[in-house]
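Student: If you want the building blocks of each chain, they are given just below.
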Amino acid sequence: MVNASKVARDFLVNIIAIVLLIWILFPFYWTILTSLKHPSEIIRAPPSLWVSEPYLKNYVLTFTNVEFTKGLLNTAISSISALFISLGLAIPASYGLARAGRGLRIRGKDSLYFTFITFRMLPVFVFIIPFYLLYRILGIFDTLYGLTVAYILIDLPLAVWFLTSFFEDTPWDIEDAYMLDGYPRYKAVLGVTLPMVLPGIIATSIICIIFTWSDLIFALSLTSKFAKTATYALLGNITFTQVKWGELCAQIMILSLPIILMSFYIQKYLVKGLTFGVVR
Amino acid sequence: MKSHHNGEPVNKDYWTVLPGLIALYAIAIYAFAATIYYSGTSFYLFEQRSEFVGFQNYLDLILWPRFHNSLFLTGVFCIGAFIQLLMAFAIALFLNLNYKIMHLLRAIIIWPMVIPPVAVGLIWKLLLDPVTGPLTYLVGPFEYFGPNTAIWSLILIDTWEWAPLYCLIILAALQAIRKEIVEATMVDGLSFWTKLRVVIIPKVMPIAILIVILRLIDAIKTFDIVYATTMGGPGNASEVISVLNYLLVFRQGFVGRGAALSMITFIMLWVIGNIFLTIVGKLRRG
Chain A
0 MVNASKVARD FLVNIIAIVL LIWILFPFYW TILTSLKHPS EIIRAPPSLW
50 VSEPYLKNYV LTFTNVEFTK GLLNTAISSI SALFISLGLA IPASYGLARA
100 GRGLRIRGKD SLYFTFITFR MLPVFVFIIP FYLLYRILGI FDTLYGLTVA
150 YILIDLPLAV WFLTSFFEDT PWDIEDAYML DGYPRYKAVL GVTLPMVLPG
200 IIATSIICII FTWSDLIFAL SLTSKFAKTA TYALLGNITF TQVKWGELCA
250 QIMILSLPII LMSFYIQKYL VKGLTFGVVR
Chain B
0 MKSHHNGEPV NKDYWTVLPG LIALYAIAIY AFAATIYYSG TSFYLFEQRS
50 EFVGFQNYLD LILWPRFHNS LFLTGVFCIG AFIQLLMAFA IALFLNLNYK
100 IMHLLRAIII WPMVIPPVAV GLIWKLLLDP VTGPLTYLVG PFEYFGPNTA
150 IWSLILIDTW EWAPLYCLII LAALQAIRKE IVEATMVDGL SFWTKLRVVI
200 IPKVMPIAIL IVILRLIDAI KTFDIVYATT MGGPGNASEV ISVLNYLLVF
250 RQGFVGRGAA LSMITFIMLW VIGNIFLTIV GKLRRG
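Note that the protein sequences, when read in sequence, are chains A and B.
With numbering that gives the first Met the number 0 applied, the first sequence covers 0 to 279.
With numbering that gives the first Met the number 0 applied, the second sequence covers 0 to 285.
This is chain B alone, in the form it adopts within the complex:
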């Protein structure tokens, strides 16, 4: 069947992939070279002065409380994202029930995540308004975007926006796994715990890890909803990494330090991303 390929050069078919790959690489190589270069300079946007400072920006960042604060808040956000997944799992189990109302739920559950995240942020800013928001009916006036509450409100907003997607993925995974597990549990003579350990967990675990990492990457990249609601405030109370990076470069003009921050974020995401892709590779192969 593949005889028509005989005698042709091995690399001939790369032309299909190359244009896209070259386009991306051209952009990426320039972007990385430039970012690394700027991260080694004292480039200040509003005066266009710049000198080479080596690793100074990285050192400054590592010792900078505002950076620690943003790392901490991003960490909190990631923990929030993890709790979100547990909720998504519970809801997915629920959606898996055979009731008519589930069809309606499954149809609309996608809405929060298809509308622009900035719109999500603005809608919730309105909903959580301390005075005119509808929640004042239930709980009375409450400052949802105060110094101690802002990050939690943002996690709530993020949950509304993204939990549905993970519900859908987990739901699909449950339906795919269920068949195999039903077949496997037909094997007699195994105790429930053995089945759980030998059959169910190995099936569920890889997909669970895949989902957790996918969620983690998005949580680290969160920008829009924070920018739309608090812009990192009050003070620095909700200043996650990406918001700090934006403000640093475009408000304060510290391009050098901003570039260094984006490289640090890159390394974090690269490590997580590689773990992720290794798992995906294993899953795709078998």
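With the rest of the complex left out, here is chain A:
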């Protein structure tokens, strides 16, 4: 009797799990499928759930599509420059905040920390409208410089948000012991603390890249042609007369694959960082 109810329970759990798997994965399956369909097959109703002869030309067209490849390059350049500048500012800031009152003399730690985080909660248009008008005056509208500055605004608060809780988790004893031995603080930090936080720094970098990589609103408002990003270029497949779904799905796959691969690394850091270390 006990065995029978356990079998029933196992069965039910697995059924629910499979339903959830389908719910999560089906849209991805459909994207891959569409990216391998011939245009004439895509507009067929009802659609086919399988493709017997993959139409790889969608991918070939994607790589010869200058708007998209240039968009990818623009996304990569602006994301990575913004990341490095933001890390340069966020690492010392997070170290300082995490160490405040525990070796560093910084008062009002929480309110400083929250100042950084507040930026993630502001409506983007408070920034976009003045940025847009200023960029036109300064001549950096539709340039990667302008886009990078906007992306620092995404990265910096996010990086401080995550890194502070990662630094807080680092034991300080070794760093303190080094300094008691006469090493200056920067040597102790570089030699001991930073290597310990390195996995957290990598996770934070990935999270920042994911956010800027995914940005649409800044690119949409602050670029128009030369500095157009890949996400913006996706929308170029949609015109009044038709949607080039095959190429669009191929582009989505190319754009998403690198971040899906990176996502395996960040999972545990993401939860901890987002909840300010309250949830571990």
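Incorrect hints may appear among the rest.
Residues on chain A that point at chain B, a partial pick, calculated with CB under 8 Å [said to hold, decoys possible]:
#, residue
1, Phe27
2, Ile31
3, Leu103
Covered by chain B, according to a simulated footprint, are these stretches of chain A (three or more residues, beta-carbon under 8 Å) [claimed, not checked]:
#, stretch
4, 77–91
5, 151–158
Quick caveat, the hints were computed from the structure, so don't treat them as lab data.
Quick reminder that beta carbons are idealized off the backbone N, C-alpha and C, glycines included.
Once you have looked at the hints, place chain B on chain A.
Tutor: Structure of chain B alone, referenced to chain A:
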């Protein structure tokens, strides 16, 4: 241990925080000053004419049906986000079960939220296509982005994208809380309800509030998936606040009114954000 600090000025260590803070403040002060300034003008993008109008833009907004509509839709979206959280909670309880398949689920559950939201919107636009979408197999042709259905379809898309994140957070919270609760419930002589009231709810509540507010802020800021699927249409049927703000400034050129709208959104988010940070502050202290 801290003796090497004696005699040094108290504020010496601020240098670590200052560069980042100054960079953000420089941007923020300019942005706010400019937005407040523009919100008091009749700045029209395509003619570059502008005169000072005081609070006229704010008054116009408050009396503008299209703004009411966007507030209402954003509200609906927030309610959707709340229902989403309840679902996320149920799924988190499920993921907490000890089965092999859960490892697979936990590994892939993060995928919908790491890919660009605009891609999410476009994928679902394809999935929910009234004619060629795969759902026509199951339910027949149906207009998912019609005047009455668009906002609900968007909530569905938003659920697919964001519910997993909250599942993961709740899952982690459940695992953290479980230990403490198990310890606490060892205390004998308490009835189940007393334990629930005295032990479990005080542990769960703060994290629950934190998650709700985090979700609320993101729901109010939703832009990408709406822009990718409906652009606020048909008509104004899915025109949430951020989409209205974008169209107002960049399509119609009403910078002044757009700036006023972004200030109103700011005040809303600021109030919610402050409640949020107060709770986080309390949580971090104890």
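Student: Per the coverage rule (Cβ-Cβ under 8 Å, at least three residues), is the stretch 77–91 of chain A covered by chain B?
Tutor: holds (count 3)
Student: With 8 Å as the cut and Cβ atoms as the points, is A/Ile31 at the interface with chain B?
Tutor: Violated. Min distance 11 Å.
Student: Closer than 8 Å, Cβ to Cβ, for at least three residues: run that test on the stretch 151–158 of chain A against chain B and report holds or violated.
Tutor: It holds, with 4 qualifying residues against the three required.
Student: Is the interface hint satisfied for A/Leu103? The criterion is a beta-carbon contact with chain B at less than 8 Å.
Tutor: holds (4 Å)
Student: How about A/Phe27: closest beta carbon in chain B under 8 Å, or not?
Tutor: holds (7 Å)
Consistency with the previously given hints fails for number 2 only.
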